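*Asks:* One-letter residues, chain by chain:
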Amino acid sequence: MKIRYAREALGIEEDEDVSVLIGNPNVGKSVIFSSLTGKYRDVSNYPGTTVEVSKGKTKIGTKRETIIDTPGAESLTPVSEDEKVTRDILLGTEPNQVIQVADAKNLKRSMMLLLQIAEFDIPMVLDLNMMDEAKARLVDIDIDGLKEELNIPIFPTVAPERRGTSALKRGINKARVPDIKPDYPDEIEDAIDELKDLFGSRGTALLFLAAPNEMKEFIEEKMGSEEREIAEDVLGRLYKTFSQDLSYLITLSIREKAENIFSKFVSKKEIERTTLKKKINDLTMDPWTGIPIFFGVIFLLYQFVGYIGAQVIVDFLEGIIFGEYINPYIEDLVYSSIGENFVSTILVGEYGVITVGVTWAIALILPIITTFFLAFSLLEDVGYIPRLAAMADRGLRKVGLNGKAVLPMVLGFGCDTMATLTTRVLDTKKERIIGTTMLALGIPCSAQLGVLFAIMATLPFYFFFVWAGIVSSQLLFVAWSASKILPGKRGDFIIELPPLRVPKWDNVLKKTYYRVVMFFKELVPLFILGTFLISVGKITGVLDFLIKALEPLVVTWLGLPAEASIAFILGFLRRDFGAAGLLDISVRMTNVQMLVAVVAITLFVPCVANMLVIIKERGIKTAMAIIGFIIPFAFFVAGIVNHLINLFGGLL
Amino acid sequence: MSDEITQIEVDEALEILWTLEEEGKRDRESFKKKLTNKEEGFSEHRRRFRHGYREKVTQRVLAILKKRGLAEVEDTDIKLTNKGKGAARVIVRRHRLAERLMVDFLDMGKEDVERPACEFEHLLDEEVTDSICTLLGHPKECPHGMPIPKGKCCSSGKKTIEPAIIPLTDLQVGESAEIAYIHTKDHPRLHKLLSYDIGPGSEVQLHQKKPVYVIKTGETDLALEEEIIEDIYVKTLD
Numbered sequence: 001m002k003i004r005y006a007r008e009a010l011g012i013e014e015d016e017d018v019s020v021l022i023g024n025p026n027v028g029k030s031v032i033f034s035s036l037t038g039k040y041r042d043v044s045n046y047p048g049t050t051v052e053v054s055k056g057k058t059k060i061g062t063k064r065e066t067i068i069d070t071p072g073a074e075s076l077t078p079v080s081e082d083e084k085v086t087r088d089i090l091l092g093t094e095p096n097q098v099i100q101v102a103d104a105k106n107l108k109r110s111m112m113l114l115l116q117i118a119e120f121d122i123p124m125v126l127d128l129n130m131m132d133e134a135k136a137r138l139v140d141i142d143i144d145g146l147k148e149e150l151n152i153p154i155f156p157t158v159a160p161e162r163r164g165t166s167a168l169k170r171g172i173n174k175a176r177v178p179d180i181k182p183d184y185p186d187e188i189e190d191a192i193d194e195l196k197d198l199f200g201s202r203g204t205a206l207l208f209l210a211a212p213n214e215m216k217e218f219i220e221e222k223m224g225s226e227e228r229e230i231a232e233d234v235l236g237r238l239y240k241t242f243s244q245d246l247s248y249l250i251t252l253s254i255r256e257k258a259e260n261i262f263s264k265f266v267s268k269k270e271i272e273r274t275t276l277k278k279k280i281n282d283l284t285m286d287p288w289t290g291i292p293i294f295f296g297v298i299f300l301l302y303q304f305v306g307y308i309g310a311q312v313i314v315d316f317l318e319g320i321i322f323g324e325y326i327n328p329y330i331e332d333l334v335y336s337s338i339g340e341n342f343v344s345t346i347l348v349g350e351y352g353v354i355t356v357g358v359t360w361a362i363a364l365i366l367p368i369i370t371t372f373f374l375a376f377s378l379l380e381d382v383g384y385i386p387r388l389a390a391m392a393d394r395g396l397r398k399v400g401l402n403g404k405a406v407l408p409m410v411l412g413f414g415c416d417t418m419a420t421l422t423t424r425v426l427d428t429k430k431e432r433i434i435g436t437t438m439l440a441l442g443i444p445c446s447a448q449l450g451v452l453f454a455i456m457a458t459l460p461f462y463f464f465f466v467w468a469g470i471v472s473s474q475l476l477f478v479a480w481s482a483s484k485i486l487p488g489k490r491g492d493f494i495i496e497l498p499p500l501r502v503p504k505w506d507n508v509l510k511k512t513y514y515r516v517v518m519f520f521k522e523l524v525p526l527f528i529l530g531t532f533l534i535s536v537g538k539i540t541g542v543l544d545f546l547i548k549a550l551e552p553l554v555v556t557w558l559g560l561p562a563e564a565s566i567a568f569i570l571g572f573l574r575r576d577f578g579a580a581g582l583l584d585i586s587v588r589m590t591n592v593q594m595l596v597a598v599v600a601i602t603l604f605v606p607c608v609a610n611m612l613v614i615i616k617e618r619g620i621k622t623a624m625a626i627i628g629f630i631i632p633f634a635f636f637v638a639g640i641v642n643h644l645i646n647l648f649g650g651l652l
Numbered sequence: 001m002s003d004e005i006t007q008i009e010v011d012e013a014l015e016i017l018w019t020l021e022e023e024g025k026r027d028r029e030s031f032k033k034k035l036t037n038k039e040e041g042f043s044e045h046r047r048r049f050r051h052g053y054r055e056k057v058t059q060r061v062l063a064i065l066k067k068r069g070l071a072e073v074e075d076t077d078i079k080l081t082n083k084g085k086g087a088a089r090v091i092v093r094r095h096r097l098a099e100r101l102m103v104d105f106l107d108m109g110k111e112d113v114e115r116p117a118c119e120f121e122h123l124l125d126e127e128v129t130d131s132i133c134t135l136l137g138h139p140k141e142c143p144h145g146m147p148i149p150k151g152k153c154c155s156s157g158k159k160t161i162e163p164a165i166i167p168l169t170d171l172q173v174g175e176s177a178e179i180a181y182i183h184t185k186d187h188p189r190l191h192k193l194l195s196y197d198i199g200p201g202s203e204v205q206l207h208q209k210k211p212v213y214v215i216k217t218g219e220t221d222l223a224l225e226e227e228i229i230e231d232i233y234v235k236t237l238d
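Top line first, the protein sequences correspond to chains A and B. Residue 107 in the numbering used here sits at position 107 of the first sequence, and the numbers go up by one each step. Residue 39 in the numbering used here sits at position 39 of the second sequence, and the numbers go up by one each step.
Because the hints were derived from the structure by calculation, they are not lab data. Owing to the predicted nature of the structure, the values given are computational and were not obtained by experimental measurement. Be a bit skeptical, because a hint or two may be false.
Short derived list, chain B residues pointing at chain A, Cβ under 10 Å [unchecked claim]:
#, residue
1, Arg-189
2, Lys-192
3, Glu-219
4, Glu-225
Even for Gly, the Cβ is constructed at its ideal location relative to N, Cα and C.
Pulled out of the complex, with its shape left as it was, chain B reads as follows (with noise of 0.2 Å):
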């Protein structure tokens, strides 16, 4: 058993300081929790930490964090460099946008995809990564509803690859869809939509795109205005 600490665990402890900062935490004790607890994640090589290496290896991954120049430790208190959240940021990217390529393209359940999420980041350079989200259509939020952290292809708006999963307003009039996804944050809106079975499976036709959008969903033409249909993503049906 080797006392060395890997790259993959270095990656693990970013992503877990990214998603500590998002919960407005920083302290090293949920850093500690969360790095040493068995039931997050990945991890043969964590195993070794049940026999009492907690504070140890703890300690050690800060040191090499601190070496690297990826993280600052002050009192209690652990922050990351700007170096620190480029670097997490990636790795955070590409968990994420695993769990939804497995969660909308291959029917996994949300629970399900955490752990092989979890391996799937160490796995990706940047290029296939930007290749998953463009096919996935540049996603914004994982299927937990955690923003997914913005790459080059998402700005240039880099369409090429065939994406699987686009925005409603992409479909082709006359063309139908499966509904995987609708990004929103307004609830009486979800609410809404849902009422008129619009919501993740239900398939809809688009009959027009102007002067109003107008979308067939089972024997019900519903007009909707660009803002609403904006926020839904299907995966087109052949």
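One chain only, chain A, in its complex shape (with noise of 0.2 Å):
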């Protein structure tokens, strides 16, 4: 982190006046956000890491400045990426002043991260929001008390029906340095003395003596040998004197003030009676009832996004608008402009990156990203994501992930490069990697799942039990030993339940649409990227080669006919060929080589785009060694399958 860094990261120019948005996660942030910028706002990747921040511009007195929206954070302290960037945004953009969004219902909360904003002399305004739900659960608060305890002006909002924002918009630039701090014990607070000035501030020497570690960068950069030398001191002489932890010392001093300010000023009606709300919100935690409602949401879920969407959507958009319309169109016009040579072959030959990779950006990415974000930001808004995690956390945490992983994995079985990006979500990279190789191995997407139930039906009905045994069985063996020979360690499942509330439509729509531009234009390259080798691989010969060279294997580890070969490579083209390939020559297959063959096929490479997207997040070293696991692995079990059968004979 350099100090002016994360204006270059997020490309402020150098006289651009700036303001940010701070808040714990979940209170509203981004519809405030929203309120304040209007339409227009600018959602990239922090440099280096995979977390969203949006900028956009606002009004703020009579001049335009930029406002950034920064990741939820519950302290500066960092602890997740997120909480980082946020940290780096606050000391590298030197805002012209921060506006704290809180949740009013949880006051206590905003208060331990706003005494810690306070410690860097920013001007502030804060931001209650959610006033509605605090009223609703009978959380009075003396508004008036706390603007003078802080010394900062205070706007209550209810930011979905825009209630209290323009008053806000308008407020800004009243902003003012708050007056208030913790009461640190001595040594402490002499420490911060001592090493305020080095600094640059309070707040950057407290996130000096919590976190060591995590400031190395900005003190290499800001400070001589000399003044690096006093730190040390400095911090040497504290550990000396406590046997805890600092960052735990601080965050006590920070809770206690917090608690202080809290008790004083918001106070709580006894009877809160149990609403119908209430009653819902249990009825989805609670086992009995909890458990259905869940698997019914995915089921659901899986319906809109693998049926509707990239069943019946992509068919029409696929098979009738790009394959009777558009793509005969463009094949004439490209033939009849340049004739058939190696550019024509490129751009429209079998695996053209026009007919094939165009029309799939189009008409199967698009179809599948969208339902999935619509379904999402809908159930996001209603706040049930963070249920449907907890839901699958148990289950999740014997494979050493945990229920932030339930999103990406159901979404696999949509569209596995898709699922891979979301894989971010997940805490560590060990789950990463975990989340990333299932999803590769063993979990086929919605267009394979359609053609494997196809070659599924023209075997006994048992063998689809078999498969799926075989498949699942597999998947999860691998996973669980991941979590073993892997280092490192799973994230804390510790996830907050917001109170469910009905959907507000231009919010799941605004968000839906953000969202599908964003991993649209990540996806797209890629599929364009995918198509293109393979049309250099069909027409260097190095796919037919691959043909050739796996066709041993085939025939005698799989006891296969050497055409299967082929369908195994252009599974790696894309997953559903594969399987399509499989059921062209099923004819002069038995029974149990199809098994085999499904097996391989089920457990075989991802395709080209995915694998890119693996390369893309875990890196080239990471994906070729997972990528060099699956291929052995598919066909090491498959031949299991084939030994065992033949050597029980007739077991099925």
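Two chains, two separate frames, one set of hints: put the complex together.
*Replies:* As structure tokens, this is what we get:
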């Protein structure tokens, strides 16, 4: 983290004025951001991370300022990547003011964050959002008293209904430096005094004391060796004084002060009626009703994304719109203008960048991500996503993941490529590797599932269970082993369950739109690059070479006809092509051969786009390790199935 | 003024040796310093050390330890024998349990408990010690973060005296409790819990245990996995 790096990273001009929006997770910060900035926003990943940061413009007083929406943070001493980015933005953008968004019904937590921000001497305003929910829960806040205590302007809002937001917008330029601080132990207070000039502010000095390792780069950039020594000395002295962790002591002091403010200005009328809303909230978490609701939601999600999105809409767009109208027209156009040559093959050939790559992007990826994000944003707006994760936690823990992995896994049955992108929501590197491997290994995407079901229909019904049993047991076995073998830890599962609420459709649509645009931009180049690589492979003969090279293995080890080799290589291009290739030659295969082939193709490599996403997300080394494991493993398992069945002849 | 070394002093000496071993020290010099340091801990009987008796007393105490087969002295190193370890373990256990009792139960400050705990440790017999341990929910560490040696009651998991401090996992669904302490060495986890306002003194209500734990703190409902909940110890509220 270079000091002014955040400005550079976010593309902020030298003389641009900046305001920063900060808040705990789930306080409605992004809705506030929308109401401050209007339509235009620029969403991007913070460089070197997978964290999204939005940038927009708003009018503050008489001038237009840039406003940055930071990821939700519980604390500025970072535990998560999100919090790290928020801290870096606060330290590195030199904002004119900070707008803190707080959840009015959870003021204590917001006060803890506020006390940390207050140490930076930056003018602040406080937005007390979700006033309606606080009111519903009979939480009463003495806003005037709080204003006086903190010495900053406070604006109550109900963001989704735009209540109070224009007053907030008008009031930003009245921001003031807060006048409040926790009572740290004397020794820590002395240390802050000694360090504050060195570090530029009390806040930065505190960040150093609480987590010196997190401030290494800052120190290296800003300080000479002499100053560094002073800082180390002060730190060493505190280590000798206290037996406890400094960050713990600092957090305790902050917490005590927050509690103090809270009890002074927030009161709660004791009697809270059991409302219908509360009952519904409880139903979603109770094991007897929560688990059926969980499976119901997963089922509907799959129906919407995997069936309506990935099959009905895709069939229409790909088969009819592109297949019958657009692509024939473009093929004619290309062939008639430049004839049949290298370039036309790349553009509109069997694996043409336009006829296949662009077609997929628009006819296949667009409907899948649109339906998915529509469903996701709706569930998110309703407040069900954390509940979904909580219900799935117990199961996913067994394979080294936690509840947060439920969405990537479900999404994998729609499209593995896109699901791999969403493994970003997982906390640790280890979990991301396990999640990515599971998706690539044994979760068939909707396109492949469709063809696999068609093949299964030609076999005796119990073959389906044998297939599902083999694939799922291998999948769980691999994930479980990976969780034991891979170094590192599983992230802690602590998740806030916000109250369920009636969705606001304009929020849902807005969020869907931004997400679709962002993911689409990321995925399209990969699909085009993928088809381009395959075309080149076809023209240069590499593809034919691979098919030939695979043949002996297919014939001797798997006991399949030589042509099955083509299906495996096509499966690399697109998973359902591989399965369809098997369907084509199914008349020449026995039932057992079909089973072996289907097991192999389910476990076998992901499609080329998925592979590119794995490389992009996990890095080339990890990606190669994952692929290098999956290919032999798929053939190994399928081969074992083949030999076992032959050994115990006629078992099936 | 008698020159005799009392049982209390032998106990003190054993405790000092145990603590030194935890710090990885065995040298006679540290032992002598601790044994004769009037600042540290109990004691009228140590006043007399002020008058140049330090070396003499150290020698005498070591002689007794040696005679009773509790410690061995090699050059400048002092080592507890197995028998000595057994005896020291019991004393340290009493001392640290006493501290826990005073901090968690009698709401005394961590800094104020050293002296009374020192006196306490000589008064308890095994049965009372185990009762206190059970009462406190078999704590693993003293308030200063040092491990408490386990007793018989810990391994049998005895809970028959209605313990006042219980793991959060033992709380009944619907009950409220105040958090007494969180037993974890995992700082990011502790930090995360604190930022959700889950820390000593916070009031929580247990909503459900299955399929995940859900607790309510302030106006926030939190879902947490069992692994984390197991580290949290609470005082029940009536």
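*Asks:* All the hints need checking, so say for each whether the structure fits it.
*Replies:* Now for the hints, and whether the structure bears them out:
1. Arg-189: Nearest chain A Cβ about 5 Å off; hint holds.
2. Lys-192: With Cβ-Cβ at 6 Å, under 10 Å, it holds.
3. Glu-219: 4 Å, holds
4. Glu-225: 5 Å, holds
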